[in-house]
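**Q** Guided by the hints, dock chain B onto chain A, whose structure is given.
Each chain, letter by letter, is given below.
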Amino acid sequence: MTSELDIFVGNTTLIDEEVYRLWLDGYSVSDAVALRVRAGILEQTGATAAVLQSDTMDHYRTFHMLERLLHAPPKLLHQLVFQIPPSRQALLIERYYAFDEAFVREVLGKKLSKGTKKDLDDISAKTGITLKSCRRQFDNFKRVFKVVEEMRGSLADNIQQHFLFSDRLARDYAAIVFFANNRFETAKKKLQYLSFGDFAFCAELMIQNWTLGAVGEAPSKPDSQVDDMDMDLDKEFLQDLKELKVLVADKDLLDLHKSLVCTALRGKLGVFSEMEANFKPPAPQNLSRGLVNVAAKLTHNKDVRDLFVDLVEKFVEPCRSDHWPLGDVRLFLNQYSVTVHSLDGFRHQALWDRYMDTLRGCLLRLYHD
Amino acid sequence: MPGKLKVKIVAGRHLPVMDRASDLTDAFVEVKFGNTTFKTDVYLKSLNPQWNSEWFKFEVDDEDLQDEPLQITVLDHDTYSANDAIGKVYIDIDPLLYSEAATVISGWFPIYDTIHGIRGEINVVVKVDLFNDLNRFRQSSCGVKFFCTTSIPKCYRAVIIHGFVEELVVNEDPEYQWIDRIRTPRASNEARQRLISLMSGELQRKIGLKVLEMRGNAVVGYLQCFDLEGESGLVVRAIGTACTLDKLSSPAAFLPACNSPSKEMKELPFNEDPNPNTHSSGPSTPLKNQTYSFSPSKSYSRQSSSSDTDLSLTPKTGMGSGSAGKEGGPFKALLRQQTQSALEQREFPFFTLTAFPPGFLVHVGGVVSARSVKLLDRIHNPDEPETRDAWWAEIRQEIKSHAKALGCHAVVGYSESTSICEEVCILSASGTAAVLNPRFLQDGTVEGCLEQRIEENLPAGCGFCHIPYDELNMPFPAHLTYCYNCRKQKVPDVLFTTIDLPTDATVVGKGCLIQARLCRLKKKAQAEANATAISNLLPFMEYEVHTQLMNKLKLKGMNALFGLRIQITVGENMLMGLASATAVYLAALPMPGGIQIAGKTPSDGSYEQHISHMQKKISDTIAKNKELYEINPPEISEEIIGSPIPEPKQRSRLLRSQSESSDEVTELDLSHGKKDAFVLEIDDTDAMEDVHSLLTDVPPPSGFYSCNTEIMPGINNWTSEIQMFTSVRVIRLSSLNLTNQALNKNFNDLCENLLKSLYFKLRSMIPCCLCHVNFTVSLPEDELIQVTVTAVAITFDKNQALQTTKTHIEKSLQRASTDNEELLQFPLELCSDSLPSHPFPPAKEHLESARSNSGIPAAQRDRCSSWIELIKLKAQTIRRGSIKTTVTVEKASPMGEGNFRNRSAPPCANSTVGVVKMTPLSFIPGAKITKYLGIINMFFIRETTSLREEGGVSGFLHAFIAEVFAMVRAHVAALGGNAVVSYIMKQCVFMENPNKNQAQCLINVSGDAVIFVRESELEVISTQQPTANCQQSCAGGEVTT
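Residue numbers (my numbering), protein chains in the order written: chain A, 53 to 421; chain B, 146 to 1186.
Chain A extracted, bound-state conformation (with noise of 0.2 angstroms):
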C-alpha cells in the first residue's frame, strides 16, 4: 500500500510557523521530518512518523505555492486563492525576507551579480546555512535591489511600500541595498569584529546625509528634486569634501582647533594625555588627520568602497590599542566636530556639519571589541 496521493486543503491555509521555519532554512522534507522528531513532537502529540512526513510535506507543498506570491508580498494581499489571515500574511512576508546574520556579513557591499551568485557554495560551506536559504536570501536582496533601483524617494520607504515590510526589516534592506550599490568592503578581517547591526546603522545615517535625497528640499514636494534618490552618495558633496583639508593642511587652524579641544577638555577626559598626543603633526595615528584624509580621499569610488576599512584604521584602532572608554570618545568627537565653529577662518562649517555629525555617529557605533 502506497499513498499516490495525499492533500489538505484548508479554507483558512494554515501555516505551521515551526515547518516554515524549517522550509525557509532549506532541509529537504525528510531532513525536516528527522529534525521535528528530534524536537520530540511525536512524543507531544502521539502522532505516527506517517503523519508526521504526510503533514510536512503538505505544508511543503504550500509554501512551494505561496513562494511565487512572495516574491511580490503585495500579490499575496490581492490574491484570493489563499485565504490568510493578515497577521499571517505579515508573518510569512517577515519571516521569507528574513536573513542570517552571518550571511549577510557575508554578502554585505558585494554586487548582487551572478558571480556572487556563484560564490554562495562556498558561503553556505563556511556559515553552515543550507545553500538554499542562501540562495533565497541572496535572491531576496536581489529581488529587493531591482525593485528600487530606480525608485525617487525614501528608500526605505520605497521597500516598505513594494514589499509590505516591518519598518525594521525596512531599514535593514536599505542598509542592504545601499552597501549594494556603493559596494562598501566589509569582509576585510579588520572589519569582521562588526555586526551587521553597525554596518546597517552607519547606512542609515549615511542615507540620511550623505546621499542625493538627503539634500532634497521639503519633503512636501519630493518630485520637484528630479535625482532625488537615497541610493547614491551625493557626488557633488564628495568633491566638497576635499575642502576640509585645510584643517589638517592649514598649521595655524590645525593648532587652533587643537588648543580648543585641549582646553575644552582639559580635566574631563581620563585619556587627555593620548589624546593630545594624538594632534601632533608627526603621530603617526593623528587622530584629526586621519579623520580629514579619509574626507578628502571619498572623491575616488575606491576610496568610498574602504570608508570602513579606513574609519577603523585611521580612528577606531588608534583610539583602541590606547584604551580610549567609550564616553571619552564620545566626548572627544562632540569636542572635536563643535570647535571647528569657533574656527574663524574655515569656511566650510555646513559642509563639515554634514560630514562630521554623520562620521561622528558611525564611529560612535564603529568603536567597540
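Keep in mind the hints are simulated off the structure, nothing from the lab. Keep in mind that this is a model prediction, so the values were computed, not measured. Using N, Cα and C, we set each Cβ at its ideal position, and we do this for glycine too. One thing to keep in mind: the hints can contain errors.
[As the list claims (entries may be wrong)] Sample of chain B residues at the chain A side, in silico, Cβ under 7 angstroms:
| no. | residue |
| --- | --- |
| 1 | Val843 |
| 2 | Pro844 |
| 3 | Met869 |
| 4 | Thr871 |
| 5 | Ser872 |
| 6 | Val873 |
| 7 | Arg874 |
| 8 | Lys901 |
| 9 | Lys906 |
| 10 | Met910 |
| 11 | Gly1059 |
| 12 | Met1063 |
| 13 | Ser1099 |
| 14 | Leu1102 |
| 15 | Ala1115 |
**A** Structure of chain B alone, referenced to chain A:
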C-alpha cells in the same frame, strides 16, 4: 421580454503575460449570455487593464435567466493570429432573481482556465431588472428560493412543509462526442462545464415549477448530483423539500427566543415531577399555582395512584389552554388520520431535511434503505428520458414500502446516491422512517400554526425514541424496554437514524464518530454477469457493515446512531462499503450490554485463554470509552440541582415510585435482566479478524471530538474559530494476491491514518471538534482507492463546556421528566434496522437514450468500455500545447502604489480581500445569519499535460482544490456575502496518467451564500448556546412570555 440583464466589465488584475516580447498583455473581454455576445475594447499592454466598459444589456426571457450562466471570457488580442484565451468566469445569476436575495453581483472573480487554473482576476458588476410577468403558463420559476441547508434556514420560519420534489435531466456528455476527437482538451472541458451549468439551471427551474405547483415558495435541503455515466450520457438530478417559508422580520427578534424554552422550564418548580400532566404547561403561571395548592399528602396520594389516570385527568383540570383537550385520546386518532391523509396525497412522503422545527418529528422508526444495480447502456432513443426517472421511482417506492412496514408514514433525512463503474451503476436511497406531526404539512393560516406550536413546544426529550409500533407484530426481533426517561412508552435497545440529533434529545455524555469499513473482492466481469455478481454481494456487505456498526456502537458503550450514511462504491474488481455515523448515548434508551465473546471450539486450552484475553480487552475498551465520552447515565433522574422542591419530599416520592407503582418496576427490572451482553461468536479466522479490527480503532487524541452530524452532542459553547477543510488521499494497492482481509486492513488503515493526520494538523485548535465529517470513497482505477474527507473543525471553550454540559443535563432531565406522550401512542412498528432484508434483483435494464437538449448530433462514437479508458485514449491524441507558466514581478503597478502610499498604516492591514468563511454546517458558531443570498452550485474541470511540473498528482490536486475554494469565496463575496453554509463537495473525480504526465479532475461543490453578523456585534445578551437551540428559534419566537 421579462428581464434585462446588465453587465459591466470594470477592470482586471494580475493577468498572465501573454506576449513574451513585451512581457505584457493586450486584454479584452467577451461577455456572452445565451446567443448574444458583447466585447470590450482592447486594453493595450497591461497586466492590470482598466476597461471600465459601458453597461452591456441583454434582454432575455426569465426562463433563460434561470437556465443560462453568464459567460465572461478574457482574451489576449493578437493582430496576426487568433486571439488567445486567458480564461473564463461563469456567473450564475440565479441569486439576482429572488426579491430577498442579492440585488447586485459585484466583485473580483478569478479568471479560470481549465488547463492553467486561475490566471488573474476580473472585476465585474451584474444587475437584473425583472419585469412582472403575469403569464400563468410560464415556464420559469423565478422567485423560488433554494437552500442546500437541510433544516429550516435560520432567518425563516416554516409555515408549511410541503414535501418531496425531484427532477432529473439527461444529456450526452460532450467528452464522448465525436467532435471531442478533434477539439482541444480546453474546448472539451469548457463545453462540459457550460453544459452542466446549463443543465443545473434547467433542473433548478423545473424543480421551482413543481414547488410553485405545490404552492410553496422555497426548496430546502436541495441536493443536486451529477452522474457521469460515460458513454451513455450525463445525468443531473436533484431532490429537495418544498416549503412555504416566512421571513422572520428582524434577527434580533428571534434571538432571545433561542434560550427561552429551557429557561422557562427551569423556572418551573416541579419539573422533576414524573407526573406528565405538567408538560402541556406552556407559559405556566396557572400551573404553578395549582401545584402549590396541593397539600403534600394530598398530592402524593393523587400522584401515586397512577400516572395514567393523571394523564386522563389532565384535560379536566383545564390547565393551560383549552387546546390541551386536543391531546386526549380521540384526538390522537384524528391526528393520525390527518397526518396520514396529508402524507398519502403525496407520491413520496419524503423529506430531505435532517433537522426539524420542534414538534415536527413525533417518532423515529429506524433507517430504511434500498439499492438497486442497473446496467447502463447506450442511448438508443433520445426522446425517452424517463428511464432514469423510472429507476429512481422504483427505489423510492421500495423505501416507501419499507417505511410503511415499520409503521411509519414518512421518511426523513432522505438522500440518494449512485456509484458507477463502467456500465454498472448502483443506485442507493436511504432515510429514516418516521411519524410526523401533521401541522406543518397542511395548509392553514399562520395563526393556527402558531397556536399549535405554542401548545406542543414542550414535549420532547425522549418522545422520538419511543417505538411507533405494535409490540406483538415486530418486524425485527429486538429487545424492548420502557423508556428510561418517562418510563411509560417502550423503546428499542438501539436506534439508527440518518437525521441529526434532535435538539431536545436527552443525551448522556458526548458522542463520537463511528465508521464501518468493508471491502469485498469481486471477479472482473462484463455487463450482466457483473451486475449479477454485484447484486449477490450487496446483501452480505450490508449485513457486515451493519454488524460492524453495531459492534462498534457497543464498544463505545452507546446506544444510538445519528447521521448514518452508508456508501457502497463499485470498482472493477472490488466493492467498498463505508458507513459513517455519530454514536451517542440516549438517556431514553437502555444502557447497552457489553460484548461477549464465545468460542466455538472449547477443547483447546490455549484457545480458551486467547478468548478470555480478548474478552478482557474488549471489556476494558468499553470501560475506557465510557470514561472518555463521559457516559455515566444517572441511575435515577429525579435528582435535580437547584430544585425549589425540598429534599425530603423528593426522596419520599422517589421511594414511593419505586415501591408502589409495581408494574413499572417489575418491567424495569425485567429489562435490566434482559440486558444481556451482545454475543460475538468466534468460529473462524474471519470472525477473529473482525474482533481484532474492532480494537484497532484508536480514539481521537485528548481535546478532540468528531462527529458527522451538525453538532456534537454534549458540547454547546462553540467559539467562533472554524476551519473547513478537504483532504484527499489515494492509495495504490499492491496487486499481488489481494485477499479480502488484506484489502480490509488497507482500507481501514487508510481511513484511520487520514483521521490521525487531521487530528495532527488541527492540533493548534484544541479543544476542538470535527463536525460534519464526510467521507467519500471512490475507486478510480483497478488498484486505487480514493478517500475524500470534508469537515469543519470548531473550537470550543473547555471551561464553559463543563458548565453548560451541566446545565444541559439539568435542563434535559427536567425536560424529560415533564414529558408526556399523548401524541406518541400510535401503534407503530419498531425498526432499529432494516438492513439485511433487501432483495437485489439482478436487473438488466437498457438505458434508453435520454436527451433533453437536441442539437447535439447523435454521432458515431467508438465504443469504449469506460470513461477512464476513453480519457486514456484521448490522452494519446492530445497535443502538447505550449504551457507557459509565467511569473511576473510588477514594478510599481498603479494599484500597488495607490494602496501602499501611506506609510504610517501597518503594511498588511489594508488587505482588500474580505474573509469568507466556509462550513458544511448550517450555522456559524457565535454568529447570526441575517440573510441568505442564494445557492452556490459550481462545477469545475481542471486538466494538465504537465503533471510533474505542477508538483505531481498531489501538487495538481492541492492547487485545484485551493482554486475551487477561491472561486466559491469570490462568488460569495461578489454577492455581498461573507460565508457559505451547508457547503458540500459533492464530487471529486480524479484521474491520472503519470506515464503521459497528465491528469484530470472534476469537482462539484454547492452551498448557501449568506451574510452573518457576529453575535457580539449584535449586542445580544444570551449567547450561551448559540447552536444547540437555534433550531427552536423558528418556532420559539412566539413562545417567549
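**Q** Now tell me, hint by hint, if it's right for this structure.
**A** Now the hints, each set against the structure:
1. Val843: Check failed: Cβ of B/Val843 comes no nearer than 9 angstroms to chain A, outside 7 angstroms.
2. Pro844: Status violated, d = 11 angstroms.
3. Met869: With a minimum Cβ separation of about 4 angstroms from chain A (threshold 7 angstroms), the hint on B/Met869 holds.
4. Thr871: Since chain A brings a Cβ to about 5 angstroms from B/Thr871, closer than 7 angstroms, the hint holds.
5. Ser872: Holds. Min distance 4 angstroms.
6. Val873: Because about 5 angstroms separates B/Val873 from the closest Cβ in chain A, which is inside the 7 angstroms limit, the hint holds.
7. Arg874: holds (5 angstroms)
8. Lys901: This hint holds: B/Lys901 lies near chain A, its Cβ roughly 5 angstroms from the closest one there, short of 7 angstroms.
9. Lys906: Interface hint status for B/Lys906: holds (6 angstroms vs cutoff 7 angstroms).
10. Met910: At about 10 angstroms, which exceeds the 7 angstroms cut-off, the nearest Cβ of chain A leaves the hint on B/Met910 violated.
11. Gly1059: Given a least distance of 10 angstroms, the restraint on B/Gly1059 is violated.
12. Met1063: holds (4 angstroms)
13. Ser1099: Holds - the Cβ of B/Ser1099 comes within 7 angstroms of chain A, reaching about 5 angstroms at its closest.
14. Leu1102: Holds. Min distance 6 angstroms.
15. Ala1115: holds (5 angstroms)
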